[in-house]
Each structure stands twice: as C-alpha cells, then as structure tokens.
Amino acid sequence: MSSPEPHGSSGFTDSESSAESLDYQHQYTSTHDPVPPGEGGSYNFYTHPARTSVLDANGELLLDPSLRLGPAPAATSTEMDNPVTQGDMANVWRPTGSLPSFSRAFDIFSVDSSDDRFFVPSYLRGSTYVQKLEEAYNTKLEAQKEGKRTKGDGQDLSTPGLSTTPLPPGSHRGILHSVLERTPYDGDDSLAPLPIHWNPGDMWQSIEVTPNLLGLKYAGPKSHHERDHEASAIRADNFMPPQCGIYYYEVQIISGKRDDTTIAVGFSTRNAALSRPVGWEPESWGYHGDDGRCFTGQNIGRPFGPVFNSGDVIGCGVNFRDHTAFFTKNGQMLGVAFHDVTRSSLYPTISLKKQGEEISVNFGQSPFVFNIDDMMNEQRENIQNAIQLADTSHLEPGMNETDLIQALVLQFLQHDGYVETARAFAEDMKLQKEALNLNPNVTVDGLNIKDDEDANNRQRIRRAILDGEIDQALDYTNTYYPQVLRDNEQVYFKLRCRKFIEMVRRAAELSIKYDAKRGTELGQEMDLDVNGSHGWGDNMETDGGDHGAELTKLESKMLSYGKALQAEFANDPRKEISKSLNEIWALVAYKNPLKEPQVSHLLDGKGRVTVAEELNSAILSSLGKSSRASLETLYAQTSVLLEELRKDGGPGAFVSLQDVVDSIQPSQQV
1 MSSPEPHGSS
11 GFTDSESSAE
21 SLDYQHQYTS
31 THDPVPPGEG
41 GSYNFYTHPA
51 RTSVLDANGE
61 LLLDPSLRLG
71 PAPAATSTEM
81 DNPVTQGDMA
91 NVWRPTGSLP
101 SFSRAFDIFS
111 VDSSDDRFFV
121 PSYLRGSTYV
131 QKLEEAYNTK
141 LEAQKEGKRT
151 KGDGQDLSTP
161 GLSTTPLPPG
171 SHRGILHSVL
181 ERTPYDGDDS
191 LAPLPIHWNP
201 GDMWQSIEVT
211 PNLLGLKYAG
221 PKSHHERDHE
231 ASAIRADNFM
241 PPQCGIYYYE
251 VQIISGKRDD
261 TTIAVGFSTR
271 NAALSRPVGW
281 EPESWGYHGD
291 DGRCFTGQNI
301 GRPFGPVFNS
311 GDVIGCGVNF
321 RDHTAFFTKN
331 GQMLGVAFHD
341 VTRSSLYPTI
351 SLKKQGEEIS
361 VNFGQSPFVF
371 NIDDMMNEQR
381 ENIQNAIQLA
391 DTSHLEPGMN
401 ETDLIQALVL
411 QFLQHDGYVE
421 TARAFAEDMK
431 LQKEALNLNP
441 NVTVDGLNIK
451 DDEDANNRQR
461 IRRAILDGEI
471 DQALDYTNTY
481 YPQVLRDNEQ
491 VYFKLRCRKF
501 IEMVRRAAEL
511 SIKYDAKRGT
521 ELGQEMDLDV
531 NGSHGWGDNM
541 ETDGGDHGAE
551 LTKLESKMLS
561 YGKALQAEFA
571 NDPRKEISKS
581 LNEIWALVAY
591 KNPLKEPQVS
601 HLLDGKGRVT
611 VAEELNSAIL
621 SSLGKSSRAS
631 LETLYAQTSV
641 LLEELRKDGG
651 PGAFVSLQDV
661 VDSIQPSQQV
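At position 600 of the sequence shown the residue is numbered 600 (the working numbering), and the sequence of numbers has no breaks.
Please note that the accuracy of each hint is not assured.
To be verified - In the DSS-like style, the derived pairs of lysine-lysine whose C-alpha atoms are separated by at most 30 Å in a straight line are:
#, residue 1, residue 2
1, K140, K606
2, K513, K553
3, K499, K145
What the hints assert, rightly or not - Ranges of calculated distance between the beta carbons of each label pair, as one might list FRET restraints:
#, residue 1, residue 2, range
4, I254, L141, 34 to 40 Å
5, N138, I405, 29 to 35 Å
6, L404, L141, 40 to 46 Å
7, V336, Q658, 28 to 34 Å
Think of the hints as simulated: they come from the structure by calculation, not from any bench.
In this text, all values refer to a predicted model and were calculated from it rather than measured experimentally.
By construction, the Cβ of each residue, glycine as well, lies at the ideal position given by its N, Cα and C atoms.
Generate the whole structure from the sequences, applying the supplied hints.
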C-alpha cells in the first residue's frame with residue numbers, strides 16, 4: 001500500500017494521531033464469606049458463620065453441600081443501574097479510597113466475560129512462561145477469595161462502629177460489592193499478560209469493534225475532517241510477551257475488495273501513530289494486502305508476498321530470539337519479512353482503509369490454520385541440540401555422570417530422612433559395580449553412608465507424620481530438638497492444624513464404617529421381621545451402637561481441640577493464619593468431608609508430606625546444615641539461570657525444566 005505523499009502527509013503529527021483514550025476499566029464483585037478467626041473479638045468456634053449458615057440448631061445440614069452458591073452481580077451506585085456497554089467502559093466511575101495494587105498480568109482475570117477467560121495458545125503449552133501465568137491466575141483467584149473473607153458478613157470488620165455479633169443460623173448480613181479498575185501498565189512487570197482482544201481505547205476513528213472485541217469493521221469516514229486520514233489502525237490490549245520466545249496470531253479477512261484489499265497486518269509500539277497504515281509510521285511493521293509489500297517505518301515498502309483479500313487467513317509472528325518477524329497465508333509460511341526487530345513492547349496491530357473491510361482475529365483462543373506448534377518444537381529441539389553440543393572439557397574435572405547422579409540421589413535420601421532407603425540404595429549400587437568389575441583383584445568401593453543419630457531421629461519424626469500420628473511427631477520433636485518448634489512458629493502452627501485435620505479424617509472414616517454397618521444390620525433385621533422373627537429395635541445395643549459411641553467421643557475431642565486451637569491463635573494478626581484456620585473450619589460443615597470435592601483435598605495425604613518436609617528442613621537448619629538437599633539446590637540454580645536466559649525472548653524461553661523431568665522414563669517397577 002504505497003503512498004504518493006511523503007511521510008506525515010496526513011496532516012497530523014504522530015502525537016496527534018495516536019489515540020488518547022483510557023484503557024478499558026473492568027470490575028468485579030466482592031461477596032459474603034465467613035469471618036476469619038482472630039478478626040473481631042466476638043468470633044466463636046461454634047457460632048462461626050461457616051457453621052451456622054449451613055447447620056441448624058441440632059447440627060444438621062440445611063443445604064446440599066454439593067451445590068456451589070455464586071453471588072449475583074450487583075451494583076454499588078445508581079450510576080451502575082443501567083447496563084454498561086463495551087463502548088462505555090472507558091468512562092466507568094472510579095471508587096473512592098485506596099485500591100489494591102495488582103500486576104497488569106492479572107488484567108485477564110478481573111474481567112467477568114467469557115471472552116476473557118484464561119486460555120493458553122497451543123504452541124505455548126508446557127512453557128515456563130505459561131506455567132507462571134497460570135500460577136498468577138490461581139493466586140489472583142485466592143486473593144479474591146481472601147478479599148471476600150475480610151469483608152465477613154458484608155461489612156469491613158476493621159471499620160469502627162460496625163457490629164461483629166454472630167448471626168443466627170441460616171442468616172447473613174448481605175453482600176458488599178466493590179469496583180476495581182485496571183491500572184496502566186508501567187512496563188516493570190516481569191510477567192506480562194498475553195494479548196486477549198483489541199483495545200478500543202487505543203484506536204483511530206472509523207473502526208467498529210464487535211462486542212467480543214475480536215472483530216473489526218471499517219465504517220468509513222463520517223466527516224470532511226475524518227476523510228483526511230489515510231487509514232484507521234487499532235492495537236491489541238497487551239503487548240506480545242518476549243518470554244514466549246515466539247509469539248503468533250492470525251487474522252481472517254472476512255470482507256475486502258478483490259485485488260484491492262487495503263488491510264494491513266503487523267505490529268507496532270505505543271509510539272506509532274494510528275491514523276496511517278501499519279508499517280508507514282516509525283516503530284511499526286506491516287504486511288499490506290493490496291500490493292503484497294512489507295513496510296517498516298516508511299511509506300516505501302519492498303516486495304514480500306502475494307496479495308490477500310476476502311477469505312484469506314494471514315498470520316503474523318515475532319521470533320524474539322533472533323529478532324525477526326514472519327508472516328503466513330492460509331497455513332503456508334511466506335518467510336521472514338523483517339530482521340533486527342526492536343526489543344520494545346510490540347502490540348499486534350491492524351489497519352483498515354476502505355469502507356466494508358472486515359476482519360476477525362485469533363490470539364490463540366482457537367486452533368490456528370498455520371502449524372505454529374511444529375515451528376515452536378523445532379526451535380526447542382535446536383536449543384536442546386545446542387545444549388548437548390556444549391563443550392564442558394574446560395570445566396574442573398570431577399565425578400563422572402553416573403557417580404554424580406548416584407551421589408545426588410543418596411544425599412537426597414539421607415537429607416530427607418529416608419535412612420533405610422538410602423542404605424538399601426547404596427548397597428544396590430555397590431552390587432551393580434561389583435557385577436561390572438572384570439578384575440577380581442580390584443576392590444569396589446561403595447557409596448558412603450553416614451549412619452548418624454540425627455538421621456535416625458528425623459526418620460522417626462517423618463514416619464510419625466506420614467502415618468498421621470501428629471502427637472507422636474510433636475513428642476519426638478520436643479524430645480530430640482526442643483528448640484525447633486519454639487524458633488519456627490509457622491511449622492508449629494501447621495503441625496497443630498494437621499492434627500485437627502487428622503482428627504476430622506479419622507471421624508469421617510469411622511462415620512463411613514458406622515453407616516455401612518448400620519445399613520447391613522438394618523437390612524438383616526428387616527429380613528428377619530418379614531419371616532416373623534423379632535423386630536429390628538431389639539438389636540440396637542450391638543457393635544453398631546459401640547461404633548456410634550466411639551464416633552461421638554471422637555467428634556467431641558475434635559471440637560474441643562478445635563476450640564483450643566482457635567483460642568491459641570485467636571489474636572494472631574497474620575492473614576495466612578486466619579486463612580488456614582478458616583479452611584479447616586470448613587471441614588466441620590459437612591457430614592463427611594471425605595466425600596465433598598470442595599474440601600476433600602485438605603484431607604489428602606499429600607498434606608502430610610508437605611508438613612514433614614517443612615519440619616525436616618527446620619531441624620536441619622537448627623543443626624547448622626542446609627535446609628535443601630543438593631539435588632534441590634541444583635534444580636533451583638538451573639531454574640534461576642534459565643530465567644535469566646528467558647529475558648527478552650532468549651534461548652531460555654524454549655527450555656522448560658518440567659519438560660526435561662517429564663521426558664525421563666520411569667524405571668521399571670520390580
């Protein structure tokens with residue numbers, strides 16, 4: 001799309017032609033949730049809303065616990081009574097008071113729209129960048145839940161004059177709603193979000209954006225003033241993250257005149273004006289459909305590929321590793337169009353010029369026409385080959401690879417307290433070496449095992465926790481290492497919470513056995529009654545009754561312990577303490593939490609492993625030893641190095657430690 005006029009002929013300066021409207025403002029609601037223990041002096045274990053809202057006075061469940069209750073959207077001002085359209089979102093009022101400071105990486109999670117749901121483009125699946133983005137998504141959800149909890153029964157408990165009196169069973173104080181807005185991105189985040197849709201706040205006139213923000217249509221100039229500009233362009237909401245290594249998106253040409261489609265596909269920085277075709281302005285790069293030329297920073301392009309029009313799908317990709325940009329057409333690679341692409345923040349950009357031109361974009365929400373996955377895999381293989389070919393001869397000589405791996409595994413087993421496993425592993429390695437030794441006169445040295453008392457003590461403590469015997473683990477710890485729990489209050493708190501969880505677990509398991517036995521006995525008694533024998537009530541004082549008494553006793557102990565645990569940490573101001581207590585209180589709201597997916601994960605055996613590892617690390621630190629095994633340190637150091645190599649789209653963007661771990665074939669089980 002060459003221009004007969006020189007650069008700047010549109011009559012507008014770059015600054016005048018850039019859109020200066022606000023970014024979209026998005027909102028979400030904060031809803032009622034139980035008051036965390038320790039916040040407000042009126043908190044009581046038995047009258048806590050987590051129990052009273054779902055249990056009647058007799059402790060029976062009022063609601064089906066399998067149902068999830070979701071808040072209905074509501075407004076906080078009369079200004080919000082009328083529906084807000086996408087085009088009006090830029091003018092959403094700003095609430096008073098301070099707002100939480102969230103990363104722009106969370107923007108995609110604060111929009112209550114099906115079009116803004118978390119998605120992963122196929123070619124980025126398994127990448128470290130996406131894994132971190134998903135972690136940020138989960139963290140955001142947790143933060144929202146925590147924000148709801150701090151509102152309690154719909155009131156801010158930190159505000160003077162508000163009542164914190166427990167409510168009657170089955171009641172609540174209503175729902176408090178707040179509005180949060182997206183803050184402008186300051187360019188400092190290491191975890192930038194993926195582009196999701198077009199940004200109506202960053203476009204030139206005459207473009208109509210579809211409600212889902214993925215489609216564009218050129219409506220044509222409406223005044224003499226608007227006819228002066230040479231095209232209308234729009235940028236995406238977020239820039240292409242270099243941590244991806246390669247970023248790619250596709251545009252489908254829905255409507256355009258044959259052999260005269262003036263649509264341009266490409267990318268630009270925020271500094272590029274939007275009143276001219278993509279590629280004509282400095283810091284913009286574009287592939288034009290009317291002449292097949294590619295342009296960068298000027299209105300004189302060079303021949304690149306075929307023209308495109310209605311029905312074609314044009315793909316645009318940037319390889320941040322070698323600073324090149326490429327284009328595809330209908331699934332076929334057209335080649336590299338630009339070299340030495342700047343390292344600035346680059347936004348997907350489209351420009352339209354003639355009335356009726358219409359496009360739709362795919363940022364990865366659906367499968368691409370071009371097989372970008374194979375291209376990404378090829379890049380990963382190239383990096384892996386380069387790693388394998390790296391010369392390590394100049395490094396300091398040490399153990400060979402086999403001996404190093406065996407030493408790392410053995411040290412890990414000893415470090416984590418698997419004393420017997422470590423001893424068996426060392427013996428097995430020695431037998432293998434002896435079997436491979438062809439010279440009977442050469443003595444084979446085995447792996448060194450330090451059978452110290454501390455290792456045996458840590459093994460006893462670990463075994464007790466993994467068996468669910470928390471009291472025994474506490475006794476061992478206080479006997480062998482009395483100072484550890486005093487110096488590590490967080491570990492002590494987690495052990496205390498784990499004891500409560502184990503009590504709930506045992507009560508739930510006993511309840512299942514009791515219910516099963518009652519069902520069996522009831523069926524037998526009904527059969528006997530039909531045959532003229534005694535009634536079922538004659539057998540009430542049987543083993544079933546004994547199980548019932550045992551269950552009642554255990555539940556009583558559980559509630560007494562829960563009350564003592566709550567009293568011990570009731571005045572602790574830390575949010576993580578309140579959050580943990582809130583979670584375990586939720587267990588008592590269900591007749592059998594083992595069968596409830598909302599809370600059953602709290603009873604999972606993996607929680608025992610986590611507590612055991614944290615206590616083991618605390619003990620090692622108290623002994624002046626490293627709290628991490630050498631294998632863990634090696635993994636952490638490699639992760640840090642890859643993170644450095646991942647910046648600006650370097651080779652680290654194509655390497656994932658998790659992929660390496662997943663590629664290891666599991667050894668055959670004997």
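Original post:
Which earlier hints can't be squared with this structure?
Top reply: Going through the list in order, the structure violates no hint and respects every one.
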